[in-house]
Every structure is written in structure tokens, then in C-alpha cells.
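Chains as they are written, first to last, in the numbering used here: chain S, 128 to 425; chain R, 19 to 359; chain U, 277 to 858.
A hint or two may mislead.
What the hints assert, rightly or not - Computed list of lysine to any residue pairs in SDA-like fashion (alpha-carbon distance at most 25 Å, straight line):
id, chain 1, residue 1, chain 2, residue 2
1, U, K681, S, F294
2, U, K681, S, L295
3, U, K472, U, N303
4, S, K267, S, L370
5, U, K681, S, F300
6, U, K447, U, K472
7, S, K249, S, E197
8, U, K447, U, L415
9, S, K249, R, A27
10, S, K267, R, S314
11, S, K249, S, H186
12, S, K249, R, I320
13, S, K249, R, A291
14, S, K249, R, S314
15, S, K249, R, L325
16, S, K267, R, P259
17, U, K681, S, R296
18, S, K249, R, V324
19, S, K249, R, Y144
20, S, K249, R, L297
21, U, K681, S, A293
22, U, K472, U, G431
23, U, K681, S, I394
24, U, K505, U, R516
25, U, K505, U, E333
26, U, K447, U, L469
27, S, K249, R, D148
28, U, K681, S, A299
29, S, K249, R, D295
30, U, K447, U, R516
31, U, K681, U, S664
32, S, K249, R, P257
33, S, K249, R, P259
34, U, K447, R, S215
35, S, K249, R, R299
36, S, K249, R, S215
To be verified - Cβ-Cβ distance ranges computed for the label pairs, FRET-style:
id, chain 1, residue 1, chain 2, residue 2, range
37, U, R632, S, F300, 15 to 21 Å
38, S, W220, U, A615, 21 to 27 Å
39, R, R228, S, W393, 37 to 43 Å
40, R, A345, S, V208, 50 to 56 Å
Don't read these hints as lab results, they were simulated from the structure. Yeah, the Cβ is synthetic: ideal placement off N, Cα and C, and Gly gets one too.
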Amino acid sequence: MSQFAAYTIIGLSLGGIFALAALGIVLIYRVTGVLNFAHGAMGMFSTFVAWQVFYGYPHPGLPQWAVTAEAIAAGLAFAVVLGLVLELAVFRWVRDRPQITKAVITIGVLLALQSAASLIWKNNQYHLPIYLAPQGATFKLAEVPIGANYIVIVVVALGLAFGLAAFLRGTAFGRSMRAVSDSSTTAALWGVRVDMVGAVSWMLGSLIAAVAGILITPFINFDTTSLTLLIVDSLAAALIGGLVSLPLTVLGGFLLGLLETYPTMWIQSLGLPRLIALLVILAVLIIRAPRGLPSVAK
Amino acid sequence: MPGHVTRFAMAIVAFAILARLPVGLDTGFQFDAALALIWGFGILSLVVLTGYAGQVSLCQATFAGVAAYGAGMTVSSLHGGYLLGIVAGVFAATVLGVIVGLPALRLHGITLAIVTLGIALVFDKYVFQDHLFDWFTGGTGGWQVTNASIFGISVDSREHLLAAYDILLALFCLVAVLLVNLHQSGAGRRFRAIRDSELAASTMGVNLTRYKLLAFAISAGIAGLGGSFYPLIAGSVSPQPFWVFTSLQLAAIGVLMGVRYVPAAALGGMFMAVVPDVLTRYGHGTFMSRFNYDISYDWFQIAVGVLLVLQLILMPDGVWGDLRARAAAMRIRPVKKVRPA
Amino acid sequence: MTMLRIRNLGVRFGGVVALHGVSLDLNRGEILGLIGPNGAGKTTLFNCISGVVQPSEGTIHFEGRSLRFAPPHERARRGIARTFQNLQLWGSMTVLENLQVPIDAVGRRNTLSDALGLPLSHYAERSARERARAILHVLDLDGYTQRLAADLPAGIQRRVELGRALAMQPKLVLLDEPAAGLDAGETEHLAQLLHKVRERFRVSMLLVDHDMSLVMRVCDYIYVLDFGKVLSRGEPAAVRNDQNVIAAYLGEATPELAEPEPGPTVVTGLPRTDAVEVARASGRLLEVSGLAAGYGRLEVIRDIDLTVQAGEVVACIGANGAGKTTTLRAISGVVRPRAGRVVFAGRDIAGANPERISRMGLAHIPEGRGLFPRLSVEDTLRLATDTSGKPENLAAAFDVFPRLKQRRRQAVGTLSGGEQQMVAMARAILVQPRLLMIDEMSQGLAPTIVRQLFQMIDVFRSQGIAVLLVEQFVESALAVADRAYIFEHGSIAHEAAAEELRRDRSVIAGSYLGTAAAAPGDAIEVASNGNGHHKRITDPQLMEILSMRVPAEVKRALEERAEREGRSAGALALELLEGVDR
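With the rest of the complex left out, here is chain S (with noise of 0.2 Å):
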């Protein structure tokens, strides 16, 4: 039983990761049309920044979390950039482009960002976590030990999540954002400046990547391919909300962390995981699909 309870609290925690990133695309796509396969090496590479700044320099007088606190808002304010800079420089110029040709756009830029970060880091290599709560830290919860770390995660995803719900349903820029989701051209005829919305989504997305990479260090061999690879798990939850839905997003990470965890209480496997991922979303697709065939079925 406390084994079971022990499995739920990781496939939790593993399931806010892939909420938290998958939140970041359906955002992007929602407001952009971009799906963007690159989220993944874009909190990939953010994490990395914010390692670099928790092991790569000494900290001489410096309490640890205050070193924690410094590398995460590295981390996190590279994301916030490489997000503009990516809008700025690529995505703006092919905004009446097909939205698969966006979408291959965007594989280019996952491969530029894993082999840039392969460089920087080397691939292949065990790199250290940064651990948000001290390490050995733990809750009993009804006889159960639990590592802060989980909790920490579970409390982030759902934190932001709900944060993001608020701001786009109480804030004036949040309903910017939802009316350019569902019509660019009109939002415009409205005063709204979608450009700037665009962009505030581009550095949002890419600053939930980063909190989702930074947050997972602890629980996998991180390395710049494992990060980068997190990208399928999280656009399997993302489908799982349609691509349009939050809440169901959200839902549909949690769901998906716990189908991957539980078989590796019998299973030692590295593509396990993945191979529920994908029946998820194969099972998703087929039962969401419409029948007939695309074109009539509007």
C-alpha cells in the first residue's frame, strides 16, 4: 500500500512536469496557430542556464538558497528572452504560413537548440539537479513519507496553473491573449496589439518550459536529449485537451504521469514510459477524431 501511495506521489509530480509543459504549448498554439516542437529544447535549454549559474561559478559566502533562488531566476529570464527572441526574429515573419510549415519551423529550432546546448554542456552526461527543497526533506502524510521535492513540484504545477487560468480570465491582457486566440484579425480591428500579445505568449510559454525543466532535474538522468524528449509526453497531455482546453491539459498531464509511473513498479524499462504515452495519444486521437472525413466534418 505505502508502495502504491509512494508510485502516486511520482507519477503526480511527474504528471505537474508534463501539465506545466504542455500548458506552454497549448498557450503558444492557441495564440500564435504555432505548434511548437522545440518546447521542450527551449526549457532544455533555460534549465541548463540555470545550472550553469547553481554549479558553474562558486558562491563564496552565499547561503544555498539563496544560490537556488539566484540560478532560478537565471534560468527563468533566459526563457523569458530566448521566448521573445524566437517571436522577434522567426515566428513573426511566417504568421500567414501554413501551420504545418510552422510547425517544421519549429523543429529546426529544436535541433539548433539541442546541438547548441550539446555543445555548451556536452551530451550524454549525468549533470547535477537543482533541488528546490533541501534533499532529504521529507512529509508523512497519512504514515507515508514524502519527498519536499515532489510536493514542491505538484504545488508549482498547480500554482501556476491556476495562475495562468486568473490572469487570462480576470486580467485586461489575459482576455487580449483569449480574443487573439480566437481571432487574430479581429483583435487587431479591436485595438488590441497582437504583436505584443504574441510575444507576452512566447515569453510566457517558454518561461513555464523552463519552470518544468527546472523542477524535473531531480527525478531523471538530465542531459540535453532526455529534456528535449520530454516534448512528446507533453504534447500527448497537450492533445489531450484538444490542444484548446486548459483545464483538460492539465488533467490530461497528471493522467498521463501516473499511466507512465505505475508499470515501473513491476517494469525496469527506459522506453516503457513512452510507449504508454504514445497508446495515450493514439486512443485519445481515435476516439476525439471526427468521423468522416476532415473536410466535411467542420
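With chain S held as given, fit chains R and U onto it using these hints.
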């Protein structure tokens, strides 16, 4: 429009010229030449699938990998001849192609891209690297292939690399001609009809299920044909060449060179095999080796990414398509809209 | 002998019933007409027959065999071919290739021998090409064989689609609005062509079209669909005189359509200022000179000179396709002007982006109302106040449109057309722009709502807001406007005071009705309100009938078709009425 005979003649001339190309070069470049053709097959497979039939796939390297392991297993573990290995490899890839094609019956565009990326990742992490499949992959060491022969011609990775290159090149030229023929023929038109409007295609008597699966089967078979030669020219198989990033690179370079055009595949294959090697040879001691010793792969992939982004912004029909259009515009006769070949 | 037998067919999309209990018989060699207002389920029926939509109940038999489990391509091979309302040619292929695909599909070809270029394929290829050429010749398309389908004009594409359907060697051809986009002469030609096709290719046809003159001329028998059910059927002459049919087409002011509206609009809480005086004194608000714009290679408008004084209501009228909408779009920056100046409030805004122009106080309500379907009413109005920097007080809007207050939490996409237009107008109330441009305000709306909206324009004027109005329904527009510009073929043909135009209708009749079947001033007989009372009315009044008495669906259908054909809705309506009356 050149007829069939002209096309075959052009292919033979191309073979004669290209076969001379790596003669006299060192083994490294000879290996590159053969590798260029293997990746050339990979991109050719995208020309059929994406360029003709309009279906998206991000798992072409997986097809090649399955064929490579299939060929390796047949030769090493079942002690078949290499020819049998190739047949087995292509067969395995084709079967996988049909299976991957099944979701394409319901999915389109970006969702299909996501699913095929998932398939590439599953095979990379699960099949090629998991101990469950050691019988297929030969374990961590992979299959070793030495002293193989095809039609009595000795081919292997050390002494007879050029023989392998020639056979590959002949096959490549043949497949290229067949694909151009296909484009102009009934089946090619049906593929293009599916690409332009599935709705009209199905109501005009094109069996969508059959032709989508056929496109995936042909495509996977072509990718597999290239892949099944990999153990031969490299001497062994490992997961690395066929991992998920190779699939992404194949798609990226295919689009970069012009995914609707057969010659773009040759161009792309060459680019994919030769550029990393050139970077390794001449890049050391320059700024490129400042960060990392293994410069070939990473600098190359950065270049692919950046070029792809630039190409999609500046010349959407790909390098080959754009060159063709410019050449056509420079001729004085009235400009006809360029059609893919 | 019955070739196609449909029994009790029903189709549901989610909660929407598209077809219900439809039964239909088509005999060999027959041309069967299928008519009915838009949304009546005609295209859905086509989709069921050709297999792209699965019916939820009922049966379809073709030549005695059930089509239940036959996929679309199988039905095609059994002899059912079709065309599409929204053209579905294979654009990157030549016309010849477009015809070869169905020819190949019928005469099974081998992929391997195709790729190898074996003689077998050669012969098949050559015979397919010959057959395709023959069909193209019959359809008068010889000149287009090697052209890419996407490069052809829509009218030609429709004919190629017919050719492609015939290339299947079908027994039954389903024609979905073959006359859309054709003018009267071309439609006449099409009617002859269809008869010729029936004789040459020995096919039966099922024909959907809005053009009554075509349907009445060509068809042997007619089914009338309305709201997914068979309303009536019979020979053309019988259908033509069927009161139910006339009512469905021309409509009557039924109680549901005349939505009860609580009294006349009382505008309270609005800053009723002496703004008018101030605004007028400040002179020209918008000054457009030499404006040209277009899409792609097409130049739609040129040499547009137009001014709007502050606080003035100006109407733009003219046939569909005359360039009114493009003019508004070029002014608001949705379309980039190619030449000319647009001076708004003293600043040249030509080429500026729409956001900036909007923030300068120029609000543009485009066709289709330009709203955000997923935003709630309240959020939409908040968005309006956010972007204009006006205080966030929605009370003013809710005072004018109390119904919006009830629906404030509802997503705009789920509102009725009238309520959506209210939201669009409420935005203007909140934002108080200096110039409000409204495109096709009354499109598809019930008469009472239209009346209320026109009253709003009077209110705007009283607040000193200038209004530039594009309106299909001339009479209502002229009633509210101070001045009007008459557009013809992409430029302004005439400018006059609205008063003057109302007195002298010949000016409008000449340019607005264009090639209308009836000459201006001619009296025609109209069956109004479906009561069987016939009235004699003159054609300018006809416009009023169209603008006020016709149900929204019919009007939208009419306008959509007019848009497609590049003609005025008025001219179309005349033809329609003639067809019914004949």
C-alpha cells in the same frame, strides 16, 4: 516532359558520373559517399510520402533502423546471405510502414507529426535500446557484419567499400527513376489527388485506405532499402544512427532541399553525410572546437536547424524547388508554373 | 425504374438534426432537382449519398443494392459521381490530370507497372488521356487541358468538376450548385449543356441549385427540402405554384422571427452632448484620396475619393463586388492600400497597422460582425473598454441593450445573429469612436432588430460619432444617412445627398441593380407573405421587401449567392421572383 527511355538514359549517365566520384578518395570519404546514399534513400522516402501523398512523418530513420537491424539479424543470427538480409530488412520496414500508416487513416497534419514522432521515440528508447529486444538488436554490441557478398560481389566496410557504394548507387538511380515515373503515372496522380483534396479523391474512386497505406509502405520500404545497407558499410549496427534526432534531421533536410523533388533527395543525402565529416576534418583547431571535441554532429545540426528556419522563411519550396523556379524564370520562353517531378 | 431509392433518411450532428425522415426516388435517365433555403440539408443529403457522411438512420439503395457499408470510392465505382459546392479540384494538377484520376480509378491500374513504365501502363495512359480530351471537348474546355486547375477562374473550375465527374463513367451525377458564380447568360448555357450531357453520357442527375430558373428549366421532377424534411415534391409547374414552397422561399414575417423587443430604444445614461456642433465645426474627419487596394494579383478598388465630416452619417451603396467592403478594409488597415492617401483626424494612416488606427478612434465592424466567439459578452465589452482606455463601465451598453445584460456570462458565439450585432454596437457605445464603419449591419437579421440597429445609428449621430455605412439594403441606409457614395466596379460612380437619392430612384436603380432582369420602374407581380395575395409593386420597393420581410436564412442565402456571383442581391431576387411567378 521526357519519356521513360530518356529518364532511364539520364539515370544511367548519372550513375556513370557519380560512380567515378569517390574513386581515389580515402576510406573516410568513401564511407561518406555510401552513407550519403543511405540518407538519400531516407529523404527519397519522404518525397513519396510527403511530397507526393501529402502525409507527414517524423519517423523515417526508424524505418531505416528496423531494416538495418533486420538485415543484421538475418545475416548474423540466422546466417542468411546478405541479399536475404536486405530482403528481410526491407520487408520488416515495409510492414512497420503499413502499421504506422494505420493512424494516418484518421489523422492529419500536425497530429500525425506528433504521433510519428512518438513512434520514433518509442523505437529509439524501447526497441533499439531495451534488453527485451536483444534478439533483434544483438544486444549492446549490435550485429557485426564482415565478409558479406551480394551476387558474388564481395562487399564489406573495409576493403570493398566502393563495391557497396556502386550497388547502392545503382539502386538509388533505379528507385529515383521509378519514383519520377510514378509521379507521372496513375498511382502518382492518385497520391497527389489525396494530397490536394482527400474529399474529392475519395468520391472520385480513389481508395484512401489503400493508397495512404501504399504510400506509407513504399516510403518505409525505400527508407528500409537504404537502412539495410548500413551494417554492410559500417560493419556493425548501433542505435545511435537511427535515433529520434536522425528522423527529425531527415525531415528537416528533406524540407530544406525541397521535399517534392526527387533530385533534392540526392542533394540532401550528400549534405547529411559529407558536411559533418568535413567539419570534423577541418574544424579542429578553429573556433568550432572550442566548446566540445565532438564538433561534427553538433555544428552540423545547428546548421541544419538554422538553414531550415531561413529556408522556410525565404524559399518555401526548398532549395531544389527554388533553383528550378529561378532557372525557369531565367529562360525566355513564357513562364509555366513549375511542377514537381 | 428506380435507380436511387432513399427511405426515411436521418442525419444528426451532435444535437442538430440536419435531415429527418427524407425519402426520395430517382429514376434512370431523370434529372431530379433538389431545392430549398440554405441549411435545408441539401448538401448533407449529397454527402450521405456519396458516402462522406454516415446517416444515423434510414437506407439508401442504388440500383437495388444497399449503400450502407460502401465507402465513398466504392460508391464512385458503382457509378455515383459528384461535384462540390466549394470547389474541390486538385489544384496542383493540370485539368487533364484531374480527369485522368477518375478514369484510372474505374479501370483498375497497377502501381508497379506504372512505376516501371511497362507498355501495359502506356496504353492505359494513352487511352485515359484520349477519353479525358473527349470529355473536355464536349464541355468546351479544350483550351485548358494543360493548365493547373488552381489557376483557373471559378466558373471554369465548376465546368472542370463536371468533366471530372463524367470521367468516372457514372450512372448518376450529383451536381452541387453548378450555377453558382455564373451570370444569366452562362446559366442559360449550362442548362443546355446539362441536357446535352444527359444525352451524350446517358446519366441521371441530382441537381441542387439556388437558381430557380435553372432548376425549373432543367429538371423533370423536383423535391423541396426545408429544415431537413421534404416539404413538397412534384413536377416543376406544380412546385412553382405550391404555397408552402413560396412561403419557404420568400418567407413571411412569422411570430418567431419578429422577436419581441421591449418597446422602442430609450437611450439613457449616454453623454448626450452638444458634441454634434463641436464635431461638425471641426470639419473633415476622414479624407480618402486616390485609394487603391486589392488581394494578390487582383486590384479590387482604385481611385477612391471619399470624405466623411465629423458627426455625419455616410452610406456606401452599390452591387456586391463593387468594392465597398474592400474600401472599408483599406481604410481600417486590414488590407494594405496600394496607392493613395487616407487622412484621419489630420494624420495620414495609409499603411498603418489596424491596431494603431483603431486606437486613434476609428472603429470598424466588419462583415460577420467581428467578434470573438469564445469570449463572454461581458469579457468582450471589457475588452472594448480596455483597448480604448475608456473607464470600465458597462452600464451604458447594458442600458441600451438590456438583453445583453441577461446574457452577459454567455459566450458570444452562442448568441443569435441579432444579439451578436448588438454586442458589436455596444462596443461602439462604450468606446465612443470618432468614426464608426459598419459593414453589412443588417445581414441575416430579423426586421425588428434591423430597425432597432438603424435607430442606433441615429443615436450615434446625435452623439457626434460619424458613421460610414456599407449596406446592401439601400432604402434603410438612405433613410438614415446624410450622404451616399454609389460604388460601381471598384470606384465611386456617384455621390449625392441621401435625400436626393431617395427622391430620384433612377440613379440607384441604374447602378445598383446593374443587369437586373427587370428594367427600372417595371412593375412585377409578387406573391407576398405567402397568403396568396398578389400585389403589384415597383422594383425599388422590392428592395424594401427584401430587407424587411424575408427570413434571415433566406436573406443570407440570397446574399451569399449574390456575393459568389458578383451580382446584387436585388437583381437576384428579381430573377427568383420571376421564376416563381412564371
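Status of each hint after checking the structure:
For the proposed pair U:K681 and S:F294, the alpha carbon gap of about 24 Å is at most 25 Å, so the pair holds. Note on U:K681 and S:L295: the hinted pairing holds, with a Cα-Cα distance of about 22 Å set against a maximum of 25 Å. Taken as a hint, the U:K472 and U:N303 pair is honoured in the structure, with Cα atoms around 18 Å apart against an allowance of 25 Å. A distance of roughly 37 Å separates the Cα atoms of S:K267 and S:L370; the hinted pair therefore is violated under the 25 Å criterion.
In summary, the hint linking U:K681 to S:F300 is supported, as the alpha carbons are separated by about 23 Å, within the 25 Å threshold. For a cut-off of 25 Å, the pair hint linking U:K447 to U:K472 stands: about 15 Å separates their Cα positions. Among the hinted pairs, S:K249 with S:E197 is consistent with the structure: their alpha-carbon atoms are about 23 Å apart, no more than 25 Å. For the suggested pair U:K447 and U:L415, the alpha carbons sit about 18 Å apart, so the restraint of at most 25 Å is met.
Only pairs whose Cα atoms come within 25 Å are accepted, and S:K249 paired with R:A27 is rejected, the gap being roughly 49 Å. The suggested pairing of S:K267 with R:S314 is violated, with an alpha-carbon distance near 50 Å, which exceeds 25 Å. Restraint check for S:K249 and S:H186: satisfied, since their Cα atoms lie roughly 23 Å apart, inside the 25 Å limit. For the given pair, S:K249 sits about 14 Å from R:I320 by alpha-carbon distance, which is consistent with the 25 Å threshold.
Straight-line distance between C-alpha atoms of S:K249 and R:A291 comes to about 22 Å, which keeps the hinted pair within the 25 Å bound. Taken as a hint, the S:K249 and R:S314 pair is honoured in the structure, with Cα atoms around 13 Å apart against an allowance of 25 Å. Proximity of S:K249 to R:L325 is assessed by CA-CA distance (about 23 Å); at most 25 Å being required, the pair is judged to hold. A distance of roughly 47 Å separates the Cα atoms of S:K267 and R:P259; the hinted pair therefore is violated under the 25 Å criterion.
Restraint check: the Cα-Cα separation between U:K681 and S:R296 comes to about 19 Å, which is no more than 25 Å; the hinted pair holds. Between S:K249 and R:V324 the CA atoms are separated by roughly 20 Å; this keeps the pair inside 25 Å, and the hint holds. Restraint check: the Cα-Cα separation between S:K249 and R:Y144 comes to about 24 Å, which is no more than 25 Å; the hinted pair holds. Among the hinted pairs, S:K249 with R:L297 is consistent with the structure: their alpha-carbon atoms are about 18 Å apart, no more than 25 Å.
Between U:K681 and S:A293, the direct Cα distance comes to roughly 23 Å. Compliance with the 25 Å bound is thereby established for this hinted pair. Distance hint between U:K472 and U:G431 is fulfilled; the C-alpha atoms sit about 18 Å from each other, no more than 25 Å. Under the criterion of a C-alpha separation no larger than 25 Å, the hint pairing U:K681 with S:I394 is inconsistent with the structure, at around 58 Å. Restraint check for U:K505 and U:R516: the C-alpha separation of about 18 Å stays at or below 25 Å, so the hint holds.
Our distance criterion of 25 Å between C-alpha atoms is met by U:K505 and U:E333, whose separation comes to about 14 Å. Among the hinted pairs, U:K447 with U:L469 is consistent with the structure: their alpha-carbon atoms are about 17 Å apart, no more than 25 Å. With a CA separation close to 24 Å, the supplied pair S:K249 and R:D148 stays within the 25 Å bound. For the given pair, U:K681 sits about 20 Å from S:A299 by alpha-carbon distance, which is consistent with the 25 Å threshold.
In summary, the hint linking S:K249 to R:D295 is supported, as the alpha carbons are separated by about 19 Å, within the 25 Å threshold. Restraint check for U:K447 and U:R516: not satisfied, since their Cα atoms lie roughly 28 Å apart, outside the 25 Å limit. Proposed proximity of U:K681 and U:S664 is supported: the alpha carbons are some 21 Å apart, at most 25 Å. About 19 Å separates the Cα atoms of S:K249 and R:P257, which keeps this hinted pair within 25 Å; it holds.
A C-alpha spacing of about 18 Å is found between S:K249 and R:P259, which places the hinted pair at or below 25 Å, so the restraint holds. The straight-line distance between the Cα atoms of U:K447 and R:S215 is roughly 23 Å, inside the 25 Å bound, and the hint therefore holds. A distance of roughly 20 Å separates the Cα atoms of S:K249 and R:R299; the hinted pair therefore holds under the 25 Å criterion. Straight-line distance between C-alpha atoms of S:K249 and R:S215 comes to about 46 Å, which puts the hinted pair past the 25 Å bound.
In this structure the hint that U:R632 and S:F300 lie 15 to 21 Å apart at CB holds, the actual value being about 18 Å. Range check, S:W220 to U:A615: Cβ separation about 25 Å, and the 21 to 27 Å hint holds. In this structure, R:R228 and S:W393 meet the distance hint of 37 to 43 Å, their C-beta atoms being roughly 41 Å apart. Hint check: R:A345 to S:V208, Cβ distance near 42 Å, so the stated range 50 to 56 Å is violated.
In this structure, the earlier hints numbered 4, 9, 10, 16, 23, 30, 36, 40 are contradicted, and the remaining ones agree with it.
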